[in-house]
Every structure is written in C-alpha cells, then in structure tokens.
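Undergrad: Single-letter residue listing:
There are 2 protein chains.
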Amino acid sequence: MPFQPNQDDVKAINTIRTLALDTVNKANSGHPGAPMGMAPAAHVLFSRFFQCNPQDPKWVNRDRFVLSNGHACALQYTLLHLLGYKVSIDDLKQFRQLDSITPGHPELGVTEGVEVTTGPLGQGFANAVGLAIAQAHLGATFNKDNFSLFDNYTYMFTGDGCLMEGVASEAASLAGHLQLGNLIAVYDDNQISIDGSTSIAFTEDVGKRFEAYDWQVLTVEDGNDDLEGIYKAIEAARAEKNKPTLIRLKTVIGFGSRDQGTHGVHGNPLKADDTVEIKKKFGFNPEEFFVVPDETKKIYADVAKRGAEAEKKWQQAFDEYKAKYADEAADIERRIAGKLPQGWEKALPEFKPTDDAVASRKLSEVLLAKLSTVIPELVSGSADLTPSNLTRWKNAVDFQPKANGLGDYTGRYIRYGVREHGMGAIANGIAAYGANLMIPAIGTFLNFVSYAAGAVRLSALSHQRVIWVATHDSIGLGEDGPTHQPVETVAHFRALPNCNVWRPADGNETSAAYYMALTSTHTPSILALTRQNLPQLEGSSIEKANKGGYTLVEVDGKPDVTFVATGSEVAIAVEAAELLSKQGVKARVASLPCWEVFRAQDSQYKLSVLPDGAPIVSVEAYTTMGWAEFSHAHCGIDTFGASAPAKQVYAKFGLTGEAVAKRAEKAISYFRDLGHPVYSPLSHQLAL
Amino acid sequence: MPFQPNQDDVKAINTIRTLALDTVNKANSGHPGAPMGMAPAAHVLFSRFFQCNPQDPKWVNRDRFVLSNGHACALQYTLLHLLGYKVSIDDLKQFRQLDSITPGHPELGVTEGVEVTTGPLGQGFANAVGLAIAQAHLGATFNKDNFSLFDNYTYMFTGDGCLMEGVASEAASLAGHLQLGNLIAVYDDNQISIDGSTSIAFTEDVGKRFEAYDWQVLTVEDGNDDLEGIYKAIEAARAEKNKPTLIRLKTVIGFGSRDQGTHGVHGNPLKADDTVEIKKKFGFNPEEFFVVPDETKKIYADVAKRGAEAEKKWQQAFDEYKAKYADEAADIERRIAGKLPQGWEKALPEFKPTDDAVASRKLSEVLLAKLSTVIPELVSGSADLTPSNLTRWKNAVDFQPKANGLGDYTGRYIRYGVREHGMGAIANGIAAYGANLMIPAIGTFLNFVSYAAGAVRLSALSHQRVIWVATHDSIGLGEDGPTHQPVETVAHFRALPNCNVWRPADGNETSAAYYMALTSTHTPSILALTRQNLPQLEGSSIEKANKGGYTLVEVDGKPDVTFVATGSEVAIAVEAAELLSKQGVKARVASLPCWEVFRAQDSQYKLSVLPDGAPIVSVEAYTTMGWAEFSHAHCGIDTFGASAPAKQVYAKFGLTGEAVAKRAEKAISYFRDLGHPVYSPLSHQLAL
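As you go down the protein sequences, you meet chains U and B in turn. Numbered by full-length UniProt numbering, the letters in the first sequence go through residues 1 to 688 in order. Numbered by full-length UniProt numbering, the letters in the second sequence go through residues 1 to 688 in order.
Because the hints were derived from the structure by calculation, they are not lab data. Check before you lean on any hint, since a few could be wrong.
[Unchecked claim] List of simulated lysine-lysine pairs, DSS-like, C-alpha gap at most 27 Å:
(1) K26(U) - K58(B)
(2) K144(B) - K271(B)
(3) K647(U) - K26(B)
(4) K271(U) - K322(B)
(5) K208(U) - K402(B)
(6) K86(U) - K652(B)
(7) K86(B) - K652(U)
(8) K647(U) - K271(B)
(9) K250(U) - K271(B)
(10) K339(B) - K58(B)
[Unchecked claim] These stretches of chain B come out as covered by chain U in the derived footprint (C-beta under 8 Å, 3 or more residues):
(11) 99 to 111
(12) 317 to 325
(13) 355 to 367
(14) 531 to 544
Here a beta-carbon is modelled for each residue, glycine too, at the ideal position from N, C-alpha and C.
So that you can see chain U by itself, here it is in the shape it has in the complex:
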C-alpha cells in the first residue's frame, strides 16, 4: 500500500513529543531529547507496521520492540499508553517515582509491553539480535507450508551511544553473519552524545561498518519530517530477507526545542518557557498537560485493533495447525506455558563414589547431551571455546543460515565467536522471547564471564533464565596462568542479586546445578566447572545439593572442626578431614555449591550444616572475600594465580589436604585457648 502521511500523523507525532515532554517535566528528571527526535520514526513504525495486541501483551508472534537507547523511555511509555497497554496517563505522571511502573529506564517485568531491560548502552542492541535469533529458530522449527506461526519482526531503536559500545559491535557482526533478515534497527543519527557533538570521539563511517558486517544500510536524510522516507526505509528493511537492516535516520535531538541539536536537551527537563514555546509551535495549549487528541487516539486504537485481529487469525491458524501437527502444537503450547517436558529430570545422571573421577566440564557435557534430547528448547553455544567448554552435543546442528552450508536455523548450537559480552546480551534476548520458548546455555571460561558482566547484571535484574557454562573455573586450569585463572569472579557474581553461582564438587552436584538452573525460571545461573578431574564424593546426592549446601561428612559426637568448601576444593577438605581423623580430630565437611540457594534455606537447616560449637574453616581456590559469612578461617588465594601444572599451583597456595588440616589445627587450638563458646558466623547474622 502506498503511504500517505496526513495531518493526523503530524498531530500524532507532536502528541508523542508533548506527552514525552510532559512526562519528563512532571518528574523533573529524564531525557526529553531523543523522544522528541525519534517521534516521527516511532509513529510511522507503530502506526503502519507494528503488530502487537495490547490486550494480550505476551502473544507469542507479536513484533518485538527494543529501545536500546533506553534513556529515551519517555518515548516508549508514551507509545505503550497510546497503544492501550496498561500504562495510564497517571502512570506517565509517576515517571521515575518510587514503585511506579514507569521507572527511569525500561525494565522487563515492570511495565507491560517492555520486552527487555535497557539503558546500559549497547545491551538492547544485542538483546534484539537474540530476539531475532529466537524468531528465526522457532520459525524454522515449527513453521510448515501455509503455517507461518513464527514470523514476527524485531525492531530496535538505537543511538550513537549504543553503536560506540563493543557489545553492540559484537552482536552486529554476528547478526550479519547469521543473515537475520527479521531484524531492523533504526539508528537515531542525531550527532549528539553527552559530551557534545559526536565529532569529538565518534567519526567513523557507521554505515560502512555495518556494510562490512553484511547488513543492509539505508539512510533517511530527514528523519524529522520525511515520513514517507521513513516508511519506505522500513518497507525496504522488511523486504530484505537475508540481511539485517540498519536505517540511519538523521534527526535533530530535542526537535522543536530552542536548544534542539545540542546535548543540552539530552538528559535534563527543558526549561518552562521553552516547553511553552514548543507546545505552541506544535499546536498544543501550553497550559494543558498530557493531552491526547482524539485523532491520535483513533490512530492508535486502530493499531490495537489491527493487532487483535492479527492475533485472532494467528489463533485460528494455530488451531488448524494443531489438528495437523499435534506433536509440534503440543510442544509449542507447553513452551508458551513455561513448562519443562514431563519427566525431563530423569535425564539427570546420579553417581556413586565408585564411579570414575571426571572433570565437571565433562560431566556438563554428558548432561547437556542428555538434556538436549528431552528439552528441545535448550539451545547451547560457546564464545569460540567449544572444544574446551564441551557445550556441544554430538550430532548437534549449528544455528546457521542455510546459505552458508554449515547448518540451518533449526540448529540448537550457536557459534557466538569470541564475543562474550555479545553472547551474554544475545542470550538475554533469546530468553526474552518468552516463557520456555528457548532456554539459552552459553559457554566460555569462567574468567571471561567478566567480559560480559554488563549482560549478566541485566539477566539478573530482568529475571532471565540464562545458563552460563563457565569452565576452567580456577587455578586448576594450570598452565594458562593468572590471566586466565579466575580468583575474584565468583565473589563478583555472588554479590550480584538474583544470580545463582554454582560450583559443583562432583557428578551429583553437577546434576543438581543443572536441575536448579533449569527450574529457576527467573534467575540466571553461572555453573563454574573444572578443567581437572574430580572424584565422586561419598555422601553427595542431587537432592542434598539442590539445597545449595549440605553436610557431606558427619562425625560421631562433638566435632572439633567443620570444613566448608565448594567445587574442586571439597575433595581437598575431605582429604584434610581424613588426615585429622587419623590424629583423633573429628572434622565435619560441608559442601556449599551455591551460596544463594543455601541462603534461601531455613535457619535451622543452615545452622545444622554450619553449626555452633566448633571452628569453621573454608576452602576455596579464590580470594576469600565473602567467606566470613560462613567461616572463621579461610583457606584461599588472596592474590592472582600462577602459570604451572595445576597440582603445583594448588600446592603453592597451600590448597592441599595437609596444609588445610594444619590450618584447622590452628583454629581448633585458638578457640580452645579462648575458652568461650564458638559461634557459627551464621548464628549471629541469622539472629540479626
């Protein structure tokens, strides 16, 4: 259909601008510039193309919208209001206020219609790549002749800030490689960032760079007024099926303000008199606020109607599909319901102490292979460390464009390249496609999860089930040395709210880690896994480990000391306990594979694992920061590691059964000499 912008469109655009302006002014805080500049593109996109049903915000085949420049969220909230999502004028008036649904940056789970959490620059860009991957995969997996159940587009708005960020570069390069024709980015090329003109730091040829990534690059020279140009660009982007598209939209930031085109309009409310003039210029009464003209209401009511009809048609198609493809339909319904397949957990292997010693990365490989057969939504991948992370099951199909002959979009193994941050943020996008549609597991060395810290943080804040397969988890990796040996990484992510860090000690604990990671639907998990072999421990079980911490070795009568350890150091603690027992010293051993899950147990249980009455000594091959919560003395490494064969590095840092036993003896005699009762550190903290 030809596009005919009319006066109602112009009015709608100015409505978006003034609504965003009123929203920011009312809060006396926020970013008016980008919403005012991007209002035309937003209006053309949403009024003419965007498919969504505000009455059913989770309709699976809706188009996805990502505001990667999340500081412009007054724009997004305004649009959500106009479209009829549960964002009222009162909500707009509560912008950036305590416990409102219109926080300072868009947050998944807080505002209906917000697909991902954005604001930290570059993240939304990569999330959108993940959302596009999810559509491509689900379409390839479930669509049939005449049934295009998954065919939505992912639209993303982005700005200079995002495009300077490495995480967006990584994701863009991969998106081009993957030929994601369903991904359309609108780049707000307003030449302004916080420091001023982009000429001071960002003079690269962005269009050429994206062409180098194999994107289609289109330019709209006048993004403020050329509505037809915007329309045609989006149309051309939708028509290009084998490349993502970047629409370079030249706009004026704060369009309409007397300070338009400067960074003065970026991050602060506009002055009162400027606001008055803007409203007059746009034909609005400056003494009225939060005004939506009827014509604008009508346009957006029609969009909502269009979306509701589209969903209705989709539902009809799905009903027919169901009749023809019962299994597939049942799988889709199960995934939409957010349920794992019945009985999937039977795939988790259990181990006996007589079983072979195995590296936990290898245990993870076995698990992924088993789980891949029973959980079809599990999609694995690695940042170019597949043979080290062991994330790929035999006969896995790579997720690749058919054209390159290396796999196809039904593939469940993603080759992320050496792009850890991009991978983490893309995984957030994959998970954001919704419910159990896809569950991403992503691999790298534990040390390099830190490269993706910005993305992990948003997994946690957004309550997304992303599973990091983080191998080579300590000095136990040996020769690669301190540049690759994490010592602080686990502490970092333990300090992050809503993030489960697992450090399994053997096969049963590895099964537990996967069980908990998969069933913690609103929490990311980092599975820290060894390169080196671990013995199967006497006393471990999936059930016990599911509690995050448990008593592995109990003693008869009053214990003299309790060891508490994680992962590869549990066996060292057990060895120390055995050495002590030969001297008549009674040593308990607790395994604490996941602090976060252990903390969630009741006090009585926790104190049964780490009881009063005897000193507690921790053993973990990391910096000891954080251990005072659980133990009196800490065996660890409060420096960087060393490059050498693993056993020698362990010995260098006093992480041997013998050295740990000596440390325990010291603790025992110190507390004996003190002559006072010994309290578990937990004991005081739980009471306070």
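For chain U, the structure is supplied; the task is to place chain B on it using the hints.
TA: Same frame as chain U, but now just chain B:
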C-alpha cells in the same frame, strides 16, 4: 633501503618456528600454531625495523611491541631470547612452569621486554592504542625543532579472536578518530579460531570495517613466504602519518605442520612425529632442541646493536635538549624516574566540618583541577560522561588530532566516547608507557566500570596505576534507577587482588583517596563518588583516611555498639549514633573508605578501629557480601535499587539514621542476652 631477504632470513624464521615448537613441546602445553604462522612477520619486523635496546629494556623511546594474541607468547619469548633480553634458553625450557619468567601468557613485570599483559583477547589491541596515545602526547608535549625525543612506533600483533572482541572494536574506532599514525597492527588472518574455520562465526569484511574506522588497511596475500611484501607493508604503514594501519597478513596457522591450517595446531603441542618432520623440512636436526644457528644469532645481535646505538644517539640528543630546554628535560627525567613533582600533595584541599556539603564527584572535580596544575603527567578523560563525572578541568585541552580543530596531541583530556571497556584497556596502555610518563584518570558511572571488568583485572594483575573516577556510585543517583545503580560493583572489585576501591565520605576522605591513588604506583584505584551532596564530617582528616579506615566518632567509656560505614553512608551512621546517644546508648563510628588499605594496617590498629566488646553494625548502600569480615549485622541492599528521588530510595531500603539505629538496638540486645564476650569478627580472623 631496498629489502633483500636472503637465506639467513629464512633460516632465522625457521629458527623462531622451531624454538617456539621446542618451547611448547617441552612444557607439553601451549600454543604452537600462531608462532609458526607469524614467524615471518615477526622476523621482518624485528630484524629490519624494530628499535629497542635489550641492555636497557626501559629506554623510553623504544618501539613498543604488543602481542595481543598473547597465547602466541612462545613467539614473543623466543624473540626476546634472540634479541638478548634476559630470557635464556633455560627460561624457554621453563615455559609455563612454576615461578618461571615465561608464564602461559605474557605478563608485564614478569618478563623483561614484555610491555603489557595479554592473553585475554582484545586487551592488547586496546593497550597498543594507549601506548600510541602516550607517544603522540609526549611527542607533542616535549619534542622541539630538531629534537624528536618521543617518536617511537607501537607495533601490535593481533588475531581473529582479538578482532571479534568488542574491546578491540571500541579501541579501533577511537584510534581511527585520533589519527594515530604511529600505530601499526599486524593481523594474523589465518582463518582459524578455536571452534574451527572463521567461516562459522566471523565472516565480516574486516578490512572494510577498519577502513570505516578510518584506518589504512594493507594486505599481504602470502604472509608465509612473501617477506618483501611484509617489509613493504610495514614500510607503508610507517609512512602513513595520519592513520593507524592494519596489515592484513594472510598466514597458515601452524605453518609446516602436517595439520597446518587447522585448529588442531592452535592450542596443543604437536605430535612427536609431526615435530620431527617439521624440523627436517626446515633443515633442523630433529634430535636437537632449542637450536639457534650462528647466522640467526648474528642477525639479532645486529638488531640489538642497532638499538643500543639508537639509544646512545637519543641520549646525546637528550643531553643537548637538556642544555636548551632545562625545564622540559627536568620534567622528562622526573617522569622517567617515576617521581611525582615535589610538594604536589599541597594541592590536596582540607576541609572543616563547617564547610559546605558537596557531592564527592564535585570534590573530585576540584581536586582534578588543582592536581592538573601540579602534576603535568595526569591525563584525564571520560567515556562520554564528562558533565556527569566532572573529570574535565576548566581550560583543559582535548587530546585530538590537530586536523579536526578540536584540540591537539598536547591535550590532557581524552574523549573516549561511550567505550568503557576500550577506555579501561587504553588506560592500561597509557600507563604501560612507563613510570610517571603519564598517569591516566578515567571517568564513567561506577555501574559501568563493570563493562570494563576485563581491563580492570589486567590493571591489577599488571600493577598499573590507573585511576577510575567512578561517579554516581549508588542508589543515591536516584531516578535513573536500578539499571544504573551499582549494588554489586564495589564487592566485585574488592574481591580483585591489588585493586584499591575508595569510597570517600567527605572532602578530606576524597583528598585521601586521590593521595593514595596517585602514590600507589603499582595498584589501580577505583574512586566511587557520589552524585548527591555529602556533609563535611567532624573527625575526618586526610591523614586518618590514608589508613583506609579509622575511628571517626569515639565515645567515653565502654561503647555499646560500633557502626562501620563507607562513603555516603558514613553520615547516616553518624546520625544513627547521635540518635542513640540521646537514649544514652554509646555508639562509636568507624569510617572504612578503602578496605584494601585498611587491611594492610597492623592488627593492633585495625582492632582499635573495630574492637572487641560491642557489636559492630555496617552501613553501606550495597549488597552486604563481604561485610561479615568486619561486622556482625549489616545494613545494606541485598537486591537491586529503585528508580525514584534519592532520599526516597534510601528510605525504602532502610538506610536512614533511624532505621540504622533500630538495627543497632537489636544487635545490642541480642549480644547482651547471649551473655558471652563479643568478639570483633576481625579478632578471630586476624588470629587465624
């Protein structure tokens, strides 16, 4: 001079290959592929161009070499040996062994001649940009007509892995903008990464991308044999004064091995029979190991001689310079000696309790302005948050290419763009130029230091004085909300060895933070600074705060409770103490601006600040992870923050004088009821 490669060159190249091979084989661990592939480029570069004096590895105007693909370090160690650095054949035989000077990846400070720590991919690339910035700045600052004291090149080897990393993309974009003609990157385009062919994930047009960044891009089609082509490319790169150059060198990984050109030769020693065949092919006796033919020795002896002569000439020039430009020469000598200017510390302002309440970011602005006038090597900058970080002093000149009219290379303010990770890694490179030549201070929001975690880690491991000006350090930033409010960040960097995290509570503590950051020559510092105003505290002083922790408020007689707090929460603890005092409860207050520095004090001092005898309650607007080391009860936020005006967010999380006082009352009564002595958590830990 025309280049005439001869048989000795070929022999030298094969010597490098076989030495690297023997090195990896002896360790039975390491990466033979890239050294074998890059040996020709390495030989041409070092034999014909590279200027260094192995007898004086720190000669300030030496060319810098960065091996960004640090896993190829067998190549670098081999070259250092041949050049005559303190890397013996025995050291090569100790590759990847405990406490050797040839660890698994190159480490600054461990091996003479290694300029930066590499291995974590992409870091070296950005370090090289920093080294090039340093040269450009020092040249512009100190060179005079006929005196080109600073004119070295920075050469960097890099691989596919680095070029996929966002940190390298960020740095490359900035390097192009800055027109760094002194930077020459040799890209080992061997089409192989760990997962296999780059065709599976990295199919972008790298050359075009770098052209988009405004680099000169040259290609050597046969990097294995075309020595003349390599020579000419380096020559052309040196001739281009206004652009950095990427030389795309097409090579075969593991050249000479029967598995050459596959990922099989990337990260594991080659098979014994393969090694035999390779040596034969290259004309070496397979039964001899670590062999350096005389012809090769001679070539590299000549290189060393050339370098020694160059330094001698430089020294003569410097002596003349000294006569003509005494002040500049004295400044250069002081910087090379690693000394701050005499009396610089007098610039640190002191504050009285009657002085105005000021945000610590604002205090930092005042400090930077004062320090900039007395410490000329201090170079500031921000990742596009200058007006928020307040990192730019009035009248600062931007570090920019003269051609763009926005500054020049004498400028001491760097506009990094929205590139936090790149900024952190570039700052490492700037610091790596050596001694006090330049001291980088870099700004972003505290929350986004996490984006640069990979670079911060290497600052710490490499013992580099990089100063992060990390503003907006908590929920106190208010409306921007949880996406921007750090809660875990400080714990993360506290867990990192050799990284000082400062959270000053007022003006005196901010002065102390800068004093310690500038004088901690081998440690990076993160200064966490507030957006909101902080009162000047009664009892604070620079001297006390320099200890990392001190008693701010003492009581007469036996205290009932001790508060311990940091930064903006110290004033809240003081308020709580005052509230309690009205009820006759004696509350001490300790301020702990820097845990790392406090930990380094003697036990007696530490226990005087956090003594036995009364419960200790911490107050900090972060997750409480780690506080059990110092306190019994912790007032903090074990979840994400909230978007609202700052005071409301503080109230929501119970961080008010009143709420904190109540928490203290609870702790007091708990311990009273217990009826046992109360030990400072430090007390046990120090004894154990």
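Undergrad: For each hint, tell me whether it holds in the structure or not.
TA: Tested hints:
| no. | hint | verdict |
| --- | --- | --- |
| 1 | K26(U) - K58(B) | violated, 59 Å |
| 2 | K144(B) - K271(B) | violated, 56 Å |
| 3 | K647(U) - K26(B) | holds, 18 Å |
| 4 | K271(U) - K322(B) | violated, 56 Å |
| 5 | K208(U) - K402(B) | holds, 25 Å |
| 6 | K86(U) - K652(B) | holds, 25 Å |
| 7 | K86(B) - K652(U) | holds, 25 Å |
| 8 | K647(U) - K271(B) | holds, 24 Å |
| 9 | K250(U) - K271(B) | violated, 58 Å |
| 10 | K339(B) - K58(B) | holds, 16 Å |
| 11 | 99 to 111 | holds (count 6) |
| 12 | 317 to 325 | violated (count 0) |
| 13 | 355 to 367 | violated (count 0) |
| 14 | 531 to 544 | violated (count 0) |
In summary, the structure is inconsistent with hints 1, 2, 4, 9, 12, 13 and 14 from the numbered list given earlier, while agreeing with the others.
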